[in-house]
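As a plain string of letters, each chain reads:
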Amino acid sequence: MSFFLDLLIESSVLLLVVLGLGIILGLMDVINLAQSGFMAVGVYAALTAAHRGVNFWLAVLVGAAATGVLGLLAEWAIIRRLYARPLETLLATWGISLVLVQLISIYFGHGPQSFDEPFVTAVPVLGVQYPAYRLVIFVAAFAVVAVLYLVVRFTRWGLIARMVMANQALAAGLGINTVRVRQVTFLIGSLLAGFAGALLGPIQGVSPYYATALIAPAFLAVLLAGRTLLGLVLASAVLAVTATVFSRYFNPVYATAVTVAVAVVLLRLFPEGLTRWRRS
Amino acid sequence: MAAVLTRLRTDRSLAVRAGTLLLAAAVAATGPLWGDRFTVYLLTQAFLYAALAISLDLVWGYTGILDLGHAVWFGIGALTVGVMTTKLDATGMVASVHGGPGTYLLAGLLAVVIAAVAAAVVGLYCFSWRGSTMFYVAIVTLAVSVVCEALYLELRWTGGDNGLFGYQLRALDPTGWFYLCLVFFAVVATLAYVLVRSDFGLLMRAIRDNEERARFLGFEVDLVKISVLAGGAALAASAGAMYGSLLGLVSSPLFGFLFSTEIVIWVAIGGRGTLFGAAIGAIALQFFSSSLNQSFPDQWQLVVGLAFIAVVVFVPDGIVPPAWRLLDRLVGRGASHGPTRRLVARPAAVGRTAAGPLARVEELLFGYGALQVLRGISLEVGRGELLCVIGPNGAGKSTLMAVMSDGRMRHKGTITYSVDGVRDHAGISVSALARAGVMRKFQTPSLFRGLTVAETILLASRRGGYLSPLRRTAEIAVPAPVVALCEATGLDRHLGDRGTELSHGLKQALELAATIAAWPDLLLLDEPTAGLNSHERGVIGDILKTLVRDHGRSVVLIEHDFDFVDQLADRIVVLQDGRILAVGSTSEIKHDESVRGGYLGITGATA
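Residue numbers (our numbering), protein chains in the order written: chain A, 287 to 566; chain B, 13 to 619.
None of these hints come from the bench; they were simulated from the model. Any given hint could be a false lead.
Quick partial rundown of chain B residues pointing at chain A, CB under 10 Å, derived from the structure [as the list claims (entries may be wrong)]:
1. W141
2. A150
3. S157
4. V158
5. C160
6. L167
7. G175
8. I277
9. F300
10. L304
11. N305
12. P309
13. W312
14. V315
15. V324
Which chain A residues face chain B? A few, computed with CB under 7 Å, are given here [what the hints assert, rightly or not]:
16. E374
17. L460
18. G461
19. V548
20. V551
Think of the CB as a built atom: it goes at the ideal place given N, C-alpha and C, for glycine as much as any other residue.
With these hints in hand, go ahead and build the complete structure from the sequences.
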């Protein structure tokens with residue numbers, strides 16, 4: 287039972303990382319390699335706030351907000367100038383990540399930092415004692431998905447987002463301010479990255495190179511998701527479950543390689559994303 | 013030799029560049045005379061990094077494949093040498109080193125083969141299916157890099173955490189190594205230079221600029237991309253093998269994503285697609301970072317990161333091309349362009365006189381999703397016939413051409429050709445059809461950003477055939493109508509200009525010239541005169557007549573201007589709502605009541 291919970295949590299961890307990436311790719315056609323840098327900023331901002339005595343949950347929000355501001359700046363100064371050259375945004379966002387990691391190294395040092403969980407208790411779930419904080423990750427991931435779903439499905443903003451995804455030129459022609467849409471998209475993506483970074487801090491071990499290990503599976507998951515929320519959830523679950531099951535029952539050494547291999551095969555089978563069967 | 017000297021005298025821009033290169037080469041070659049031990053050691057390594065950067069420049073800068081795992085191929089080189097020259101003890105540490113220069117050489121060759129095969133497999137996966145975007149190869153190579161780095165740490169035979177070490181080839185002293193690496197770099201750079209100037213180099217740039225168009229010219233784009241990736245990997249592995257033999261060291265970061273992106277940064281900052289920029293970027297950044305890394309490691313990395321972003325956003329060509337231009341302005345006044353290629357007419361093969369139609373379309377049905385565009389079209393195109401397709405917008409004219417030129421668009425009904433190598437067109441790719449002699453010209457010009465007019469025509473004239481990776485064709489042999497077209501439209505005065513910088517009329521002329529240069533049996537021309545004035549139309553009309561009457565080519569032409577059609581067409585097909593409304597000679601069509609009412613909008617007495 288506790289293994290089942292592990293699977294859920296690992297999927298939620300990957301999902302949290304993937305959400306920001308997926309939104310930015312889906313609406314902007316930008317693969318945001320700055321994600322790991324943004325997550326690092328989120329966790330260091332939260333850490334700094336927490337060390338100053340700010341309540342843990344408030345500190346997580348501080349982390350998200352700091353990353354959001356940074357995302358707005360990056361969009362305005364860099365990303366906006368590269369809309370016509372999508373492959374270049376890959377390079378520029380990687381540059382942003384490098385710069386952020388170096389800035390963090392300069393101010394905080396290279397060493398790992400400790401970020402304490404707000405509670406270390408275990409709670410009984412489905413007949414087993416399970417660390418409460420890990421459950422929080424699960425709840426948070428699915429709360430974010432639920433909010434995003436409701437926004438996309440039922441609000442005016444969601445409608446605009448779906449329009450831009452379907453046909454950007456047409457949306458612009460109908461008077462949608464696509465520049466503003468991109469700006470807000472990148473802001474939301476960054477907020478989510480910061481939120482994920484801060485929230486995962488206590489269980490991931492904080493350092494400037496934070497979350498780089500999650501980046502390869504995260505990008506594969508985004509490609510695999512095929513631009514729907516359900517796809518993001520499915521892809522995160524498939525990859526996280528593969529990694530966890532394989533390392534538990536077979537061989538932890540090859541878990542990363544097997545996960546990537548599974549992703550690579552699935553990408554071939556579902557070129558349009560997991561939620562759509564291959565066009566025959 | 014004399015010719016070279018003359019060119020250097022008349023072309024100051026070239027002279028300045030050659031002088032700069034010679035100066036740089038002289039400074040580098042005399043390194044052991046002016047530098048201390050540490051400098052010589054840094055330069056020796058930097059030459060290998062420069063060779064590595066050039067290998068990435070071929071793959072990314074010239075062919076447009078963003079390889080974010082290029083370090084893996086380099087790592088394979090260093091690791092193969094390490095594995096073949098060391099023995100591990102029970103704890104996985106290096107216990108002894110063995111092997112003479114022969115072992116190192118063999119290991120190097122083996123590494124080249126392993127890397128080329130591995131890269132070909134990655135390329136096969138990334139390129140060989142439709143719908144793979146440019147992001148794909150970037151993310152997949154990134155993933156390969158991350159996995160290799162992780163696996164390296166876990167495996168035993170790689171030395172795990174410690175890596176393999178102490179296996180440097182001791183047969184050479186530092187000065188010997190310096191010159192060996194310099195020569196290695198010079199060989200790699202020369203090979204790369206010959207390649208990018210060759211006819212094959214043109215194809216690499218064409219694929220980078222407009223992959224789809226290259227397919228329609230008959231080239232097997234996926235195969236070319238796979239070969240370039242494999243070739244780049246082989247070069248990188250040879251540099252890696254040299255690196256391993258020089259330092260006697262390999263560990264997991266050599267395979268990693270961070271090192272991969274470092275190579276990308278060298279090439280981007282120096283200037284992608286210039287070779288020289290990639291080499292200079294690698295040498296300079298490597299040299300400075302080794303000196304500065306000790307005192308200010310984080311600050312230096314920060315500066316590199318900021319410079320990288322700035323280059324990507326503001327100077328996407330990198331530092332070197334603007335620097336060349338500056339040099340030209342300072343000293344190279346009156347700079348001429350290099351020798352441009354010329355067109356020469358060659359006797360063109362006359363169409364075969366076999367009986368029967370060249371193309372036959374039967375009961376063709378095609379739709380995009382729920383929208384049915386072609387609803388049962390049957391027509392024939394005879395040899396040496398000019399068939400005009402007219403009809404209102406949305407009738408399915410362009411879609412008909414799209415399906416005829418691409419056997420992989422799913423349709424119902426049959427299309428058969430009687431050209432070399434292809435009969436039933438179902439399942440035949442665009443490039444195979446083009447090679448067989450069915451070629452399409454798009455409605456809107458779709459050219460190669462980095463290619464000149466002459467280069468575009470040269471590529472097209474090969475129709476997907478062999479392009480030498482060594483030779484640079486200066487005289488382009490094309491069928492006489494191409495020369496006539498170029499002269500009549502004034503395109504011949506722009507042979508050295510880039511296709512995408514021409515006026516609209518010249519772009520259309522170039523598209524048509526390229527299509528004719530390929531000398532297909534069947535030309536599918538989608539509004540070749542769109543946006544042209546009446547003089548230009550007349551010129552194109554005459555050329556098309558010559559093609560059909562004198563050379564036995566067959567042409568299917570989509571046109572809106574009925575007067576133009578009236579002068580040219582052997583037969584006319586009128587399409588409406590995906591069906592054929594009428595077929596016949598111009599006079600038959602003009603008198604056809606349904607056409608007159610439905611399309612031409614003429615009522616009453618005939619002219």
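Evaluation of the interface hint that places A:E374 against chain B, nearest CB under 7 Å:
holds (6 Å)
Under the criterion of a CB-CB separation shorter than 10 Å, is B:V315 in contact with chain A as hinted?
holds (9 Å)
Does the nearest C-beta of chain A fall within a distance shorter than 10 Å of the C-beta of B:P309?
holds (9 Å)
With a cut-off of 10 Å on the beta carbons, see whether B:N305 makes it to chain A.
violated (12 Å)
Next item in the hint list is A:G461. Is there a CB on chain B closer than 7 Å to its CB?
violated (25 Å)
When the nearest CB of chain A is found for B:A150, is that gap smaller than 10 Å?
holds (6 Å)
Interface hint for B:W141, Cβ within 10 Å of any Cβ on chain A
Since the shortest Cβ distance to chain A is 7 Å, the answer is holds.
Hint check: 7 Å Cβ-Cβ cutoff, A:V548 to chain B
Since the shortest Cβ distance to chain B is 11 Å, the answer is violated.
Against chain A, is B:I277 within 10 Å by beta-carbon distance?
holds (8 Å)
Hey, does the B:F300 contact hint survive, CB to chain A under 10 Å?
violated (16 Å)
Take the shortest C-beta to C-beta distance between A:V551 and chain B; is it under 7 Å?
violated (10 Å)
Minimum beta-carbon distance criterion (10 Å), B:S157 to chain A:
For B:S157, the interface hint holds, since the closest Cβ of chain A sits about 8 Å away, which is under 10 Å.
Going down the numbered hints, you'll see the structure goes against 7, 9, 10, 11, 17, 18, 19 and 20, while the others check out.
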